[in-house]
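Go by the hints and put chain B onto chain A.
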Amino acid sequence: MRRAFLGEFEELILLIVAACTEDAYGVTIWEQVQEQTGRSITISAVHATLYRLEEKGFLSSQMGGATAERGGRRKRFFSLTVAGSRALIELEQMRQKLWKAIPEGKLQILGQ
Amino acid sequence: MNTKNHPTQPPRWADRLLEWFVSDHLLEDVQGDLYEIYQRRVKLVGIAKAQREYGWNVIRYINPFFRKQKTTHYTQPLISTTMLRNYFIITWRQLLTNKAYSFLNIAGLATGMSVALLIGLWVYHQYSYDRFLPESEQLYQVKRNFDENGDNTLTFNTTSLKLTNVLRSEVPEIEYVAESDWMGSHGLKVGETKLFKNGAVIGRDFLQMFQYPLLEGDPKTALHSAYSIVLTESTAKALFGDENAMGKIVRFDNDNDLKVTGILKDIPSNSSFQFNFLVPFDYYEQTKSWIKQSRTGDFSQNAFQIFVKLKKGVDYNQVLAKIGPIEHTEKDNVNAMRSTVIMQPLQRWHLYSEYINGKDSGGFIEYVRIFSVIGVLVLLIACINFINLTTARSEKRAKEVGIRKSIGSERKQLIAQFLVEAVVFTGIAFVLAFFLSWAILPAFNALTAAHIHIPFANVYFWLITIGCVLITALLAGSRPAFYLSSFQPVKVLKGAIRMGKTASLPRKVLVVAQFSCSIALITGAIVIYQQVQYAKDRPTGYDVNRLLSTSVNGDLRKNHTALKNELLQKGIIESVTTSSSPATDISWHSTPEQWPGKRAGETVELGVIITDNEYFKTMGMAIKDGRNFFSATDTNSVIFNETAIKRLRLENPIGQLITFNEKQYQIAGVVKDALMMSPFTAADPTMFLCTPDVQDEMMYRLSPQIKTQDALQQLTALFTKYNPSYPYTYEFTDVTYAKKFNLEVLIGKLAGIFAGLAIFISCLGLFGLAAYMAEQRTKEVGIRKVLGASVFSLWELLSKDFLALVLIAFVIATPISWYLLNGWLSKYAYHTQISWWVFVLTGLGALGIALVTVSFQAIKAALMNPVKSLRSE
Chain A
1 MRRAFLGEFE ELILLIVAAC TEDAYGVTIW EQVQEQTGRS ITISAVHATL YRLEEKGFLS
61 SQMGGATAER GGRRKRFFSL TVAGSRALIE LEQMRQKLWK AIPEGKLQIL GQ
Chain B
1 MNTKNHPTQP PRWADRLLEW FVSDHLLEDV QGDLYEIYQR RVKLVGIAKA QREYGWNVIR
61 YINPFFRKQK TTHYTQPLIS TTMLRNYFII TWRQLLTNKA YSFLNIAGLA TGMSVALLIG
121 LWVYHQYSYD RFLPESEQLY QVKRNFDENG DNTLTFNTTS LKLTNVLRSE VPEIEYVAES
181 DWMGSHGLKV GETKLFKNGA VIGRDFLQMF QYPLLEGDPK TALHSAYSIV LTESTAKALF
241 GDENAMGKIV RFDNDNDLKV TGILKDIPSN SSFQFNFLVP FDYYEQTKSW IKQSRTGDFS
301 QNAFQIFVKL KKGVDYNQVL AKIGPIEHTE KDNVNAMRST VIMQPLQRWH LYSEYINGKD
361 SGGFIEYVRI FSVIGVLVLL IACINFINLT TARSEKRAKE VGIRKSIGSE RKQLIAQFLV
421 EAVVFTGIAF VLAFFLSWAI LPAFNALTAA HIHIPFANVY FWLITIGCVL ITALLAGSRP
481 AFYLSSFQPV KVLKGAIRMG KTASLPRKVL VVAQFSCSIA LITGAIVIYQ QVQYAKDRPT
541 GYDVNRLLST SVNGDLRKNH TALKNELLQK GIIESVTTSS SPATDISWHS TPEQWPGKRA
601 GETVELGVII TDNEYFKTMG MAIKDGRNFF SATDTNSVIF NETAIKRLRL ENPIGQLITF
661 NEKQYQIAGV VKDALMMSPF TAADPTMFLC TPDVQDEMMY RLSPQIKTQD ALQQLTALFT
721 KYNPSYPYTY EFTDVTYAKK FNLEVLIGKL AGIFAGLAIF ISCLGLFGLA AYMAEQRTKE
781 VGIRKVLGAS VFSLWELLSK DFLALVLIAF VIATPISWYL LNGWLSKYAY HTQISWWVFV
841 LTGLGALGIA LVTVSFQAIK AALMNPVKSL RSE
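Residue numbers (the UniProt record's numbering), protein chains in the order written: chain A, 1 to 112; chain B, 1 to 873.
Chain A extracted, bound-state conformation (with noise of 0.2 Å):
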């Protein structure tokens, strides 16, 4: 099967969804990308990257829980799917391997 290519801010995004403790939507995650990074982001970034994610079949999402404060709009919140939890796994076991395969003392010369 082919798999879906992830690049590094699609992964950031994904693994802040895995991470979030509460119902992920699009300010709660943008908050987190923005707090785990340090880097500033932009919402439509983030919203951008959500939708493509959901299109490669990594997240799923549903609507709910509007409030006031968005003028009485729904959120939209995302999931992981079996499929996303798979592509974070593999990701992390490769990261394993490679840093298992590097030299003692290479390991050192980076400060390990």
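If a hint is listed, it holds; no wrong ones were tucked in.
Computed footprint of chain A on chain B; a stretch qualifies when at least three of its residues, placed anywhere within it, have a C-beta under 8 Å from a C-beta of chain A:
1) 22-36
2) 53-61
Partial pick of chain A residues on the chain B-facing surface, computed with a CB cut under 10 Å:
3) Y25
4) G26
5) S44
6) V46
7) T67
8) R76
Since the hints were derived computationally from the structure, they do not count as laboratory data. As the structure is a prediction and not an experimental result, all values here were calculated from the model. Ideal placement from N, C-alpha and C gives every residue a C-beta, glycine not left out.
Relative to chain A, chain B alone:
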């Protein structure tokens, strides 16, 4: 600021932009998130900054990602064969269930398309002139722009032999030069077979320039020996029968024997050159002393035509700059100094034959343009029919559209459905149109005197034709397709859709456009007919009836007196004359050097006719002042026509002296104007000189007592007796004169036919529309009848809308066609006035035809039994 009680709103423009741009399925949560962020920012940084940030945030959503529609989860091939088959099935069923409507639609389209096809072929034929010759783009005719009195440029084809010498030796860009005579008729004789046919005496390189295909002989050498002749296939057959003509001898003008050195394929009809044989120019130079002398003469001996072929890749303008002032070397020759040498490319000869101020700016191309426009208009009228009939029936098909949409048809599928219908209808119409044109073509050819054929083997013809058919289908089908597919299923199925004023307005506009075109075409046809009639009825100034002319050839010159005496004596003719020009032309124009009251440097182009004292009597022209020539020896007298006297500004002309060709003449008389050249312009100023020598054209009027048939029999016998080596040929002047109207008569006929077809197609459409309207209002008519409406009032109710449209069309078409026709008429110096009754007549005619068409349906509806129409619900 208290923000809790009055929650602030983000800027309106940004919201609008977002709502307009971001696709619906994303908008809600995107906008919600943006609002949430905005409210937080208001608390943190204040309203102004938050609003600015909101704006910036929104702008970042303006990218294609947020625009795209929700992706569907099933895939659709670009063209589904199943759907395509379905479209065709539905189309076929539509066609069969509505036979009358389909018939109207297809008949209208087929008529329009065959008109367009015929005109297209005709236009193509006109453009194909001379282009079949290889390297035709390198071929030119050399002409002269003559500066007359400094303000008017006249363009002449006449050139001198000195010019050919100069072009040959001084212009290296020119590959070949061919001098030529004016392609007159000559006698060809083989044994007892005599022909008098049109041919050219032309430069030896001619066949290497104009590469007409040779069946036998070599184009390089065929015209190289002075005593040779090249025949066309049919001339060779006429002279030699089935024998091979090559190498055989033809007696030319009963003077010399020429050897046949080549056989040409017959010259196609779309060639500007039309000849039956070619004789090398060297033959003339060796046998005619005046031509030999011309070779060493100066630039003013303009009596020949010159054709040139440029070398490959040479730029026309570059040569033009070089040859323009080439005659300006003879400083004391006014004629040469005022002449600028120009060239006209072969490809423009046929369509741009008229020179205005030194530029080939007009000619037959104008008629080609007019008919192209007519063709497009008629096709457009046919397309409008299709559009109107299809949209008018939209109410019927609205339910179909509604059901299709609600069970999941997409709009583009519906558009495809309707477009397929249009393509199938136009396709059927085209097949019909094709066979129709094919059947009409011989008649069309006979009418236009052209040899047009359908180029079955030409790939481009098919590509262009099929392209045009598809464009027509799109033109006719696109409006119905987009209109019908835009219906909203909910409204349509609820039955709420009412085709109100807005729906029928475009239809009405189209009907008005249709009838405007038809009315304009009809007025055009009538005015052209009137103009031709007007010019035909114009007094010619001489009597064209029973007047014959024969070219003086062979022994006719020698035996003229004997022949004349015998003809008169036997009472076959009542008078005879010879002249330098035939009765319907003036072949020589020149300017007198001196006359009383001449201004310095002034030139007046006069037609010059050299003849004898019998001329005016034979022609039937009246002497207005003074006298006729005493006798054939009255060589010191000159007679002018009235126009010439006016142009020369002579107060008391009789007895005055003028100088012409270095000789003094006394004005003996003034003759009334006669129309020898164009019947549409004023008479040419003309001077008549007298000579006892026999001239080139013999003109004689038959006696009133003798029957034409008997006269011709006796004439043939006598002419053959006195001129045994030539066949007797003659022309009736009235026939020749009538030929001057050929083009105008043809244009009038064609305009009439196309106008008739245009109104026919328009009426087909109107008939369909009226039928549909009547059908739609069946119930209304039924109720009205029950309540006591009369048939007349019902007829009025159903007809008046349509008649109003025709009236509007009339109001629109009248000023436009008046303007265009006035422009056309003003090109003729002698033209009729457009009278108001033409428009009234056309308007009434169109109204009448429309009335009959509509009434048929209206009365049918009005006579219907209300029980029947109200019974079913």
